[in-house]
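There are 2 protein chains.
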Amino acid sequence: MATVVAFDVNETLSDMRHLAPRLEKVGAPAQLFEAWFASTLRDGFALTAAGGYANFAGVASSALYALLLGVETLTCTLDEAAAYVLAGIGELPLHPDVEPAFARLHADGLRLVTLTNGSAATTDELLHRGGVAQYVEQCFSVEEVRRWKPAPEAYRYAAERCGVNREDMTLVAVHPWDTDGAKRAGLGAAWINRRGVSFPEIFRQPDIIASDLCEFAGSVSPHP
Amino acid sequence: MATVVAFDVNETLSDMRHLAPRLEKVGAPAQLFEAWFASTLRDGFALTAAGGYANFAGVASSALYALLLGVETLTCTLDEAAAYVLAGIGELPLHPDVEPAFARLHADGLRLVTLTNGSAATTDELLHRGGVAQYVEQCFSVEEVRRWKPAPEAYRYAAERCGVNREDMTLVAVHPWDTDGAKRAGLGAAWINRRGVSFPEIFRQPDIIASDLCEFAGSVSPHP
Chain A
1 MATVVAFDVN
11 ETLSDMRHLA
21 PRLEKVGAPA
31 QLFEAWFAST
41 LRDGFALTAA
51 GGYANFAGVA
61 SSALYALLLG
71 VETLTCTLDE
81 AAAYVLAGIG
91 ELPLHPDVEP
101 AFARLHADGL
111 RLVTLTNGSA
121 ATTDELLHRG
131 GVAQYVEQCF
141 SVEEVRRWKP
151 APEAYRYAAE
161 RCGVNREDMT
171 LVAVHPWDTD
181 GAKRAGLGAA
191 WINRRGVSFP
201 EIFRQPDIIA
211 SDLCEFAGSV
221 SPHP
Chain B
1001 MATVVAFDVN
1011 ETLSDMRHLA
1021 PRLEKVGAPA
1031 QLFEAWFAST
1041 LRDGFALTAA
1051 GGYANFAGVA
1061 SSALYALLLG
1071 VETLTCTLDE
1081 AAAYVLAGIG
1091 ELPLHPDVEP
1101 AFARLHADGL
1111 RLVTLTNGSA
1121 ATTDELLHRG
1131 GVAQYVEQCF
1141 SVEEVRRWKP
1151 APEAYRYAAE
1161 RCGVNREDMT
1171 LVAVHPWDTD
1181 GAKRAGLGAA
1191 WINRRGVSFP
1201 EIFRQPDIIA
1211 SDLCEFAGSV
1221 SPHP
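Line by line, the protein sequences are chains A and B. Position 71, counted from 1, in the first sequence is what this note's numbering calls 71; the numbers after and before it change by one each time, with no gaps. Position 171, counted from 1, in the second sequence is what this note's numbering calls 1171; the numbers after and before it change by one each time, with no gaps.
The following block holds chain A by itself, in its conformation from the complex (with noise of 0.2 Å):
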């Protein structure tokens, strides 16, 4: 088993769908929240395909810039809407599944990360608003690395910044590209499938997949 468990950040940890009501408050639809975060996802993975890079920040903003310019029934100026929206990315919650995973992956003996494409900064916050930073030992960005996730220096980075082996890190993450590219860079990868729904055919299976962070949690204790 390995003995670091990197955990993504936006959605595996943060509970975004607390974005869509600040959507219905600028007068946009709260559906907007899926095409927005899918498309800086896009946007973040084409620069990183194409071997340029920008920050998760500066992704975001450009893509839901992108998308309210289609939004003929916002409630106030483009610019105010978006920074309205893009200030709730500072203010979400943990999902509650959170906080009692760490504490026992803690216990066990297990070191926690996070590497996230977005700040390492806004992770940190984020863990203490939860009150979860006791159990975290680092928090990584693909910032340093210049390079988004899937890219597998990204991965590696985490792993080398560990001092240990890639088949020594876990990578935890509900998104079915990060464990793909997870597995692609050497690393372990857990699945967590929240929706309960089936992996996708085109990536490469996960060494796990448990239904929440709980049940990842008790997969891979030595305590049953």
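Simulated from the structure, these hints should not be mistaken for lab results. Among the hints, a few may not be true.
As the list claims (entries may be wrong) - Restricting the straight-line Cα-Cα distance to at most 25 Å, the calculated cross-link-like pairs of lysine to aspartate or glutamate (DMTMM-like) are:
hint, chain 1, residue 1, chain 2, residue 2
1, A, Lys-25, B, Glu-1072
2, B, Lys-1025, A, Glu-34
3, B, Lys-1025, B, Glu-1091
4, A, Lys-25, B, Glu-1034
5, B, Lys-1025, B, Asp-1015
6, B, Lys-1025, A, Glu-11
7, B, Lys-1025, B, Glu-1072
8, B, Lys-1025, B, Glu-1099
9, A, Lys-25, A, Glu-11
10, B, Lys-1025, B, Glu-1011
11, A, Lys-25, A, Asp-108
12, B, Lys-1025, B, Asp-1079
Said to hold, decoys possible - If you want the footprint, here are the derived chain A segments under chain B, 3+ residues with CB under 8 Å:
hint, segment
13, 27 to 38
14, 48 to 57
15, 63 to 71
16, 83 to 91
17, 198 to 207
The model shown is predicted, which means the values in this text are computed figures rather than measured ones. Glycine included, each C-beta is placed from N, C-alpha and C at the ideal position.
Given the coordinates of chain A, assemble chain B onto it according to the supplied hints.
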């Protein structure tokens, strides 16, 4: 000026908004289209960034299933809904500016090709259905190089197959991530801005910006 003009296909030539009514017909919101196309590209780009590959039809189907699973108002089974929506890809019309632009560029002696993340066969059918196949020398697909645009290998492959230097090929697309990738790969790039919005700052500026394909054709024509 470039001697070969390489056109992106999805949305640049084909009018994909015609898929929205198909979503409505199966009980899904029309706005799901944006999330679907964005998440298709997200997953295709993710595989490319991670060093993997799956073809467009497989990724588009996978992304559509993931989104339709969250729709509680479907009027038929999930499989029927997905099949009906996916079948629409094979029946898309061309945008109305394609025919006059292709005719003019061809009359001006430029070589026209297409370069898509989709399949070359679907492109060929689209061009025949729209009555413009006679203007197009060849339809290229990333299926042959197994790297999706905007990875540099995709653009360089098209230039090599045409027997021209990279700087003698101009990529034409409505997507900023595509013109950005072409520029980074050493090609020229023209961005078609049908919606009249600003070019996103996170991407490299294209060489040409035109409001539609006819304006683009006029801007590169030796005959004013």
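Evaluation of the provided hints:
1. A:Lys-25 to B:Glu-1072: holds, 24 Å
2. B:Lys-1025 to A:Glu-34: holds, 21 Å
3. B:Lys-1025 to B:Glu-1091: holds, 16 Å
4. A:Lys-25 to B:Glu-1034: holds, 21 Å
5. B:Lys-1025 to B:Asp-1015: holds, 18 Å
6. B:Lys-1025 to A:Glu-11: Roughly 31 Å between the alpha carbons, so the hint for B:Lys-1025 and A:Glu-11 is violated.
7. B:Lys-1025 to B:Glu-1072: holds, 14 Å
8. B:Lys-1025 to B:Glu-1099: With Cα atoms ~30 Å apart, B:Lys-1025 and B:Glu-1099 exceed 25 Å; violated.
9. A:Lys-25 to A:Glu-11: holds, 21 Å
10. B:Lys-1025 to B:Glu-1011: holds, 21 Å
11. A:Lys-25 to A:Asp-108: violated, 43 Å
12. B:Lys-1025 to B:Asp-1079: Answer holds: B:Lys-1025 to B:Asp-1079 is near 14 Å, not above 25 Å.
13. 27 to 38: holds (count 6)
14. 48 to 57: holds (count 6)
15. 63 to 71: holds (count 5)
16. 83 to 91: violated (count 0)
17. 198 to 207: n = 5 at 8 Å, threshold three: holds.
The structure shown violates the earlier hints numbered 6, 8, 11 and 16.
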